[in-house]
Amino acid sequence: MKALSLNILDIVQNSIRAKASEISIEIKESVIENLYRITVIDNGTGISEDILENVTDPFVTTRTKRKMGLGLPLLKYHAELTGGALEIKSEKGKGTEITATFSNSHIDRQPLGDIVGVFIILIAVNPGIDFIYRHITERGEYRFSSKEAKEYLGVDTFYDSVLLEDIGCMIGENLKEIEVSGFTFKVKV
Amino acid sequence: MSKITSLADLKKKREELKSGLDIRIKAINPETIVQVKVAMATCGIASGAKTVMEFFLEQLERRNVAAVVTQTGCMGYCYAEPTIEVKLPGKDPVVFGFVDLKRADQIIEKYIKTGELVDGIIPMNYQTIDLKE
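Which chain is which? The protein sequence lines are Y and R, in order.
Going by the numbering used here, the first sequence opens with residue 1, and the numbers climb by one from there.
Going by the numbering used here, the second sequence opens with residue 190, and the numbers climb by one from there.
Heads up, a few of these hints could be off.
Unchecked claim - List time: in silico SDA-like cross-link candidates among lysine to any residue, alpha-carbon distance up to 20 angstroms:
| # | chain 1 | residue 1 | chain 2 | residue 2 |
| --- | --- | --- | --- | --- |
| 1 | R | LYS202 | Y | LEU153 |
| 2 | R | LYS201 | Y | GLY168 |
| 3 | Y | LYS150 | R | LEU196 |
The set of hints was computed from the structure by calculation and includes no laboratory data.
Assemble the whole structure, with the sequences as input and the hints as a guide.
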């Protein structure tokens, strides 16, 4: 994975497979605290205790197509490379919360990459799931909820490329507002 | 055009465009529409599934193909990622492997539009090594 946004796209698949109806992605970056934190919270089926214990073992997966799963181990690896950690909280039937912390200034902390593009894909192809994106920096906070946007715009799905492009621009512009110098978001023109 | 920074701007723009946008079919019937599934597991994403997904989302609509694009997990063809499954109405699904943007373009122009097969098809009777024996 070349960017943190791709790791996010990857681990969100776990939430989708766990039949979550609401998935929240939160990114907090702080230059002062030297912190970069990604949190993914879902209300899916949760992880059973025996799997939770070794869920970051690449050879543990609930999938049947192949016997290994690299999503969480990869994220853990990237976090630990920077002196950070991966924390997983889960309760069967309630949902799962995954938190990856990175040291913000560490040279091995990957760039976030095209998070807007990732989020657009998620809301476009999963019309039954409500996605919330929250980004917090020292200059402010931005929040986007797909459910609120659908209600406000009076649409059932985002399956409309003009609308998707506009939403992408909108999120991009708002992220630029709170961007901390030296850490830029990729905004498509 | 002024920048869109809030949902209110978005709504305003949509209302301005409305006359042109309403031609889209509202009810999507899976039996009469092309279905494209992009495999988006770790293997797919690492090989570029995001770019392929963006291409299909944008180009199918731009080229006036009535289609629905969804994502799926790992299909077990990790060696051939990015993989996509295309189901034309009334036909069996076909899985294509090693889908880069050039092949994605061929799949739309040839397979989806005319039914002509293109390179990269993964035979449906292929089984993962575990399933043999």
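These are the hints, each one checked on the structure:
1. LYS202/R / LEU153/Y: 11 angstroms, holds
2. LYS201/R / GLY168/Y: 16 angstroms, holds
3. LYS150/Y / LEU196/R: 10 angstroms, holds
Violation of the numbered hints given earlier is absent; every hint is satisfied by the structure.
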